[in-house]
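K.L.:
What follows is the residue order along each chain.
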Amino acid sequence: MSDIYIERPRYTCAQGGAAATVTALPGGIPILHSPSGCAGNFAWTQNGGSGLQVGGYCGTLAIPSSSIQERDVVFGGDGRLREQIENTLKIMDGSIYAVLTSCVTEVIGDDIKSIVANFRAEGVPIIGAETGGFKGNSYLGYDLVLQSLFRDFLDRGVVKNKKRVNLWGVIPNYDPFWRGNLEEVRRLLEALGLEVNTFFLSDDTIEGIRQSGSASLNIVISHAYGLGAAGVFEEIHGTPYVSLPLPVGASATESFLRVVGKTAKVSSKLTESVISAEKKRYYRYLEPLTDCFNDLDLQRYAVVVGDANYVVSLAKTLADDLGWLPELAVCTDPLSDDIQVRLAGQLQNLESGYATKLIFETDGSQVIHHLSEKWPSTGSGRYRNTFGPAFIVGSSLDRELALEIGAPHLSVSFPVANRAVLDRGYTGFRGGLRLIEDLLGAIVAGR
Amino acid sequence: MSYIDLKTAPKREDRLNACIAHGGSICEMAAGKGKKSCLQNDGDRSFTQGNICLLLPALAMLNTLPDNVVLQHSAVGCGSCTHSQNANVRFGSNARHGKPKDGIWLSTAMNETDVITGGEDKLEQAIIEADRRYQPFSITVVSGCVPGIIGDDIDSVVQRVQPEVNARLLPVHCEGFKTKIWATAYDAVYHGIGRTLLREGEQSPDADGLSPYRGLERLPYTVNLMNVSSMGKIDELELERLLNSLRLEVNVFPVFSHPESMVKATQAALSISTCPTHDDYFLSYLEERFGVPALIHHMPIGIENTGLWLRDVAARFGREQDVERIIEHEEKELKAALAEFRPLFEGKKVFISAGEFRALATARLLEEIGFTVVGIRSFHHDHFAEVEYEKLAKSSTEDYVVDIANVQPFEEANLLRRLKPDLFLGHANGNGTASKLGIPTHAIYHTALAYIGYKGVYEIARRLHRQLKNPIYNRKLADNVRLPYRGEWYETSPFTYITKGDAAA
Numbered sequence: 001m002s003d004i005y006i007e008r009p010r011y012t013c014a015q016g017g018a019a020a021t022v023t024a025l026p027g028g029i030p031i032l033h034s035p036s037g038c039a040g041n042f043a044w045t046q047n048g049g050s051g052l053q054v055g056g057y058c059g060t061l062a063i064p065s066s067s068i069q070e071r072d073v074v075f076g077g078d079g080r081l082r083e084q085i086e087n088t089l090k091i092m093d094g095s096i097y098a099v100l101t102s103c104v105t106e107v108i109g110d111d112i113k114s115i116v117a118n119f120r121a122e123g124v125p126i127i128g129a130e131t132g133g134f135k136g137n138s139y140l141g142y143d144l145v146l147q148s149l150f151r152d153f154l155d156r157g158v159v160k161n162k163k164r165v166n167l168w169g170v171i172p173n174y175d176p177f178w179r180g181n182l183e184e185v186r187r188l189l190e191a192l193g194l195e196v197n198t199f200f201l202s203d204d205t206i207e208g209i210r211q212s213g214s215a216s217l218n219i220v221i222s223h224a225y226g227l228g229a230a231g232v233f234e235e236i237h238g239t240p241y242v243s244l245p246l247p248v249g250a251s252a253t254e255s256f257l258r259v260v261g262k263t264a265k266v267s268s269k270l271t272e273s274v275i276s277a278e279k280k281r282y283y284r285y286l287e288p289l290t291d292c293f294n295d296l297d298l299q300r301y302a303v304v305v306g307d308a309n310y311v312v313s314l315a316k317t318l319a320d321d322l323g324w325l326p327e328l329a330v331c332t333d334p335l336s337d338d339i340q341v342r343l344a345g346q347l348q349n350l351e352s353g354y355a356t357k358l359i360f361e362t363d364g365s366q367v368i369h370h371l372s373e374k375w376p377s378t379g380s381g382r383y384r385n386t387f388g389p390a391f392i393v394g395s396s397l398d399r400e401l402a403l404e405i406g407a408p409h410l411s412v413s414f415p416v417a418n419r420a421v422l423d424r425g426y427t428g429f430r431g432g433l434r435l436i437e438d439l440l441g442a443i444v445a446g447r
Numbered sequence: 001m002s003y004i005d006l007k008t009a010p011k012r013e014d015r016l017n018a019c020i021a022h023g024g025s026i027c028e029m030a031a032g033k034g035k036k037s038c039l040q041n042d043g044d045r046s047f048t049q050g051n052i053c054l055l056l057p058a059l060a061m062l063n064t065l066p067d068n069v070v071l072q073h074s075a076v077g078c079g080s081c082t083h084s085q086n087a088n089v090r091f092g093s094n095a096r097h098g099k100p101k102d103g104i105w106l107s108t109a110m111n112e113t114d115v116i117t118g119g120e121d122k123l124e125q126a127i128i129e130a131d132r133r134y135q136p137f138s139i140t141v142v143s144g145c146v147p148g149i150i151g152d153d154i155d156s157v158v159q160r161v162q163p164e165v166n167a168r169l170l171p172v173h174c175e176g177f178k179t180k181i182w183a184t185a186y187d188a189v190y191h192g193i194g195r196t197l198l199r200e201g202e203q204s205p206d207a208d209g210l211s212p213y214r215g216l217e218r219l220p221y222t223v224n225l226m227n228v229s230s231m232g233k234i235d236e237l238e239l240e241r242l243l244n245s246l247r248l249e250v251n252v253f254p255v256f257s258h259p260e261s262m263v264k265a266t267q268a269a270l271s272i273s274t275c276p277t278h279d280d281y282f283l284s285y286l287e288e289r290f291g292v293p294a295l296i297h298h299m300p301i302g303i304e305n306t307g308l309w310l311r312d313v314a315a316r317f318g319r320e321q322d323v324e325r326i327i328e329h330e331e332k333e334l335k336a337a338l339a340e341f342r343p344l345f346e347g348k349k350v351f352i353s354a355g356e357f358r359a360l361a362t363a364r365l366l367e368e369i370g371f372t373v374v375g376i377r378s379f380h381h382d383h384f385a386e387v388e389y390e391k392l393a394k395s396s397t398e399d400y401v402v403d404i405a406n407v408q409p410f411e412e413a414n415l416l417r418r419l420k421p422d423l424f425l426g427h428a429n430g431n432g433t434a435s436k437l438g439i440p441t442h443a444i445y446h447t448a449l450a451y452i453g454y455k456g457v458y459e460i461a462r463r464l465h466r467q468l469k470n471p472i473y474n475r476k477l478a479d480n481v482r483l484p485y486r487g488e489w490y491e492t493s494p495f496t497y498i499t500k501g502d503a504a505a
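Residue numbers (this note's numbering), protein chains in the order written: chain A, 1 to 447; chain B, 1 to 505.
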């Protein structure tokens with residue numbers, strides 16, 4: 001891993017993640033305070049990486065942008081921003097407006113906080129976030145928008161409802177399976193008798209979001225994303241949170257439901273009955289797969305390459321649900337040491353007992369070298385213990401690795417250029433079934 | 001030309017007086033009225049939507065270069081557009097070399113510390129590491145807004161590091177806030193190529209300044225066919241076919257051409273542009289420094305324009321008689337083939353949106369196959385296009401709207417609700433507005449599809465015929481989703497937010 005550059009970054013900047021997040025809110029209108037090109041850069045990024053999902057109600061090139069020019073850099077962009085917000089309110093029909101700053105407007109020191117606060121004081125539903133690209137990547141942008149939302153948009157002092165929870169932790173479009181992933185977890189939480197606000201699904205409303213301070217528990221299905229926002233929420237609205245790994249597949253979902261059930265004070269009887277019904281259904285599906293699974297010898301070695309959410313959760317479900325052998329898991333996000341430790345902890349003591357090596361490497365072309373270190377070819381001539389049969393679960397950028405070692409491949413983590421994604425997700429029991437379908441489907445495609 | 005001696009290419013607002021904000025009409029643009037007000041005093045908008053900056057088209061070119069690494073010097077998001085452009089690199093490599101290949105792009109991912117302390121050291125180390133790890137022929141060092149605003153000098157870094165690395169280093173300046181005309185991208189890339197790979201000083205010492213690159217011979221029947229990524233391989237093949245029929249050899253330049261082979265461009269007898277929006281900057285350089293004359297008049301999109309383009313080429317080689325025979329044969333065959341599609345197109349209204357030259361040439365094509373043009377949006381305007389507006393003003397019986405706008409879908413939504421066209425053609429990520437209004441849409445540019453030459457006319461007609469046979473997807477979409485504009489907006493003049501320019505309606 002190089003610390004002086006990042007190879008083919010598998011995300012965009014904070015402002016890009018922030019814009020995608022605002023677009024995904026019901027009636028959300030981003031207002032970029034930036035040069036003209038940032039919106040287009042994000043549109044093209046999603047066009048190539050988000051499983052053919054670009055835009056939404058107000059996305060891509062419809063996103064208002066102050067489109068500041070050289071003269072604004074010299075004289076300041078405050079006036080231009082005020083004008084842009086005023087006219088945005090006249091033209092764009094939104095439930096919530098969010099000003100998102102860029103590298104340029106942060107360096108020149110435009111004071112968006114007071115501009116946004118003035119509009120809010122006049123009753124405009126508007127928030128602002130400082131999302132300059134040099135602050136970090138799209139995952140940070142998601143967190144910053146949620147922080148502003150929780151701080152400046154949610155009603156304060158609303159009465160807590162014991163049954164109500166908020167759910168977040170997957171980034172719109174930078175997890176191409178974001179909607180399916182949220183929907184399945186929402187479905188399971190509802191089965192536990194909880195009322196769930198997910199912010200970004202068609203079931204969510206702006207009024208529900210405004211009242212989301214009434215939740216008694218926040219559930220962040222990530223060990224890395226949206227945690228700053230969880231802290232802000234707790235501080236301002238007094239709602240505690242749990243941060244749990246993205247529950248992909250049967251085993252992870254089972255323990256996820258037990259932890260959430262206990263924390264949200266759901267009776268263990270109800271939790272166990274939900275788990276039992278889901279597992280029954282899950283195994284009814286697997287039962288008739290079993291002959292072919294064995295007869296075609298569908299167990300595989302695997303390399304998993306992905307973002308902080310997927311890499312551990314995919315490796316775990318491969319090992320613990322499917323009985324595959326994920327030798328190497330490669331996390332392509334740049335992460336702080338404490339988050340790296342948390343992720344590594346998830347892959348210790350797997351139920352299957354399988355030891356997966358987790359490494360942190362932002363540069364995809366280096367995965368092959370890590371694999372050679374982990375699996376040096378032994379033997380010679382006709383007696384060689386090669387890394388195979390193998391499978392690569394990663395992004396579409398890992399196709400070259402798959403070709404190199406002659407393995408089938410599935411794109412799950414951003415970028416997903418070669419799949420169309422709508423409501424598919426890999427969380428929960430249903431997502432576990434989808435994943436098995438997609439993995440095995442790739443193996444038997446030529447059959 | 002002295003521009004190439006400058007550190008960076010000038011922006012097109014300055015070099016060509018190009019403009020982006022004007023609401024006018026075809027007759028006005030053709031009569032030069034638009035020119036007068038627009039070119040001398042560009043308008044502005046007091047409400048704008050985001051679009052692209054010069055970095056995107058620049059990367060679309062640079063990512064295609066074989067054996068090249070694109071090193072982006074900026075914050076981590078700049079250049080993430082490559083995720084979609086990479087599809088073109090894969091398809092293009094497959095079409096040309098039989099194997100899909102991902103581009104290699106890197107980002108110095110400048111952080112808060114770099115913004116404060118400067119990013120030159122980091123860039124220097126990144127160049128050295130990229131040279132070691134990938135061993136490419138060249139590294140294009142592309143600057144975004146951040147180095148532009150904090151004052152990193154990428155040219156000095158490149159100069160300093162060049163002796164230490166094997167790769168040829170090309171600095172390319174793409175500081176997005178510095179120009180509102182994204183076509184400046186082509187100048188920025190050509191500038192980098194001209195200054196590093198085709199330097200004047202690398203001609204023969206005894207040359208009069210008008211011979212090919214040092215040690216190379218003039219090729220009297222080879223022409224440069226300029227492609228800045230606005231054509232896929234399929235379109236290159238069509239133009240190669242037509243040029244071969246004039247007994248000319250073709251050197252496609254610069255996309256997908258190996259940086260080492262770019263010197264070939266100085267050997268050609270003629271450079272042929274397919275779009276003045278793209279190439280004027282570099283063609284002047286090739287002409288003035290290497291004696292390669294240039295043609296830069298027509299875009300070979302549509303029947304008439306393809307003929308004009310071919311005639312210009314033929315005249316340079318004294319092949320006027322050949323070309324008339326070729327054109328007559330081609331047109332006869334094409335027109336017969338188009339007959340089956342024409343009844344479905346006849347009288348249908350179309351709105352066209354694209355880069356200026358492409359929009360205008362495509363409008364002419366659509367007229368030729370039976371459509372009636374009711375509106376055009378050009379992404380910018382400069383004087384090269386005047387002749388195209390004149391062609392369209394002559395061929396149309398009624399005046400219609402011309403919106404000079406760097407996309408701005410809100411103006412488009414307003415116009416489309418009034419004009420109610422039967423078909424919309426727009427660029428990538430630019431067809432969504434029309435789609436949500438239920439209008440059948442088609443991409444005006446895609447490197448996997450044919451648009452150019454006689455074959456392009458037929459293939460566009462064939463695709464439009466297919467799409468118009470069942471446009472229900474967009475119709476149902478319109479019944480179920482809405483655009484993000486207030487009702488009042490549609491009651492207002494579409495050009496309400498254009499200010500300052502003399503011609504604002």
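Possibly wrong hints are sitting among the right ones.
Unchecked claim - To give an idea of the chain B side of the interface with chain A (calculated C-beta under 8 Å), a few residues:
no.	residue
1	L106
2	Q135
3	I303
4	Y458
Said to hold, decoys possible - Per the computed footprint, the stretches of chain A lying under chain B, defined by three or more beta-carbons under 8 Å from a beta-carbon of chain B, are:
no.	region
5	4-10
6	254-268
Stated by the list, open to error - One-sided excerpt, in silico: chain B residues whose CB lies under 7 Å from chain A:
no.	residue
7	V323
8	V407
9	A443
10	Y445
Note that these hints are calculated values from the structure, not bench results. Yeah, the Cβ is synthetic: ideal placement off N, Cα and C, and Gly gets one too.
K.L.:
Each hint needs a verdict: does it hold in this structure or not?
P.N.:
We went through each hint and held it up to the structure:
no.: 1; hint: L106; in the structure: 4 Å, holds
no.: 2; hint: Q135; in the structure: 12 Å, violated
no.: 3; hint: I303; in the structure: 32 Å, violated
no.: 4; hint: Y458; in the structure: 28 Å, violated
no.: 5; hint: 4-10; in the structure: holds (count 6)
no.: 6; hint: 254-268; in the structure: violated (count 0)
no.: 7; hint: V323; in the structure: 39 Å, violated
no.: 8; hint: V407; in the structure: 5 Å, holds
no.: 9; hint: A443; in the structure: 12 Å, violated
no.: 10; hint: Y445; in the structure: 13 Å, violated
Of the hints listed earlier, those the structure fails to meet are numbers 2, 3, 4, 6, 7, 9, 10, in rising order.
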